[in-house]
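Asker: Sequence:
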Amino acid sequence: CPITQEIMEDPVVCADGHSYERAAITQWLLSRDTSPATNTSLLHRNVVPNYALRNLM
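Numbering (the UniProt record's numbering), first residue to last: 1 to 57.
Read the hints as simulated data drawn from the structure, not as lab findings. Any given hint might turn out to be false.
Stated by the list, open to error - Simulated DEER-style distance windows between Cβ atoms:
(1) ALA23 with ASN55: 15 to 21 Å
(2) HIS44 with ALA23: 16 to 22 Å
(3) SER31 with LEU56: 28 to 34 Å
(4) MET57 with ASP33: 25 to 31 Å
(5) PRO49 with GLN5: 19 to 25 Å
(6) ASN55 with GLY17: 17 to 23 Å
(7) LEU56 with ASP33: 25 to 31 Å
(8) PRO2 with LEU43: 16 to 22 Å
(9) SER31 with ALA52: 24 to 30 Å
(10) THR4 with VAL48: 16 to 22 Å
(11) GLU6 with VAL48: 16 to 22 Å
(12) LEU30 with LEU56: 27 to 33 Å
Ideal Cβ placement from N, Cα and C applies to all residues, glycine included.
Let the sequences and hints guide you as you build the complete structure.
Answerer: So this is what it looks like as structure tokens:
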């Protein structure tokens with residue numbers, strides 16, 4: 001995970017197109033409206049499961 005630097009167990013895709021651990025990005029979005037990877041504003045705070053990445057783990 002780009003936020004925690006740990007292997008993801010529940011990867012999700014954020015509005016910036018990057019994958020993050022669900023718990024980490026949820027915590028991040030509680031206090032910020034920017035992408036952890038690019039520092040640009042996010043259009044929305046919805047995340048979707050990244051099943052392809054999860055299946056690779």
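Asker: A separate judgement is required for each hint: does it hold in the structure or not?
Answerer: Now the hints, each set against the structure:
no.: 1; hint: ALA23 with ASN55: 15 to 21 Å; result: holds, 19 Å
no.: 2; hint: HIS44 with ALA23: 16 to 22 Å; result: holds, 19 Å
no.: 3; hint: SER31 with LEU56: 28 to 34 Å; result: holds, 30 Å
no.: 4; hint: MET57 with ASP33: 25 to 31 Å; result: holds, 29 Å
no.: 5; hint: PRO49 with GLN5: 19 to 25 Å; result: holds, 21 Å
no.: 6; hint: ASN55 with GLY17: 17 to 23 Å; result: holds, 19 Å
no.: 7; hint: LEU56 with ASP33: 25 to 31 Å; result: holds, 30 Å
no.: 8; hint: PRO2 with LEU43: 16 to 22 Å; result: holds, 19 Å
no.: 9; hint: SER31 with ALA52: 24 to 30 Å; result: holds, 29 Å
no.: 10; hint: THR4 with VAL48: 16 to 22 Å; result: holds, 19 Å
no.: 11; hint: GLU6 with VAL48: 16 to 22 Å; result: holds, 21 Å
no.: 12; hint: LEU30 with LEU56: 27 to 33 Å; result: holds, 28 Å
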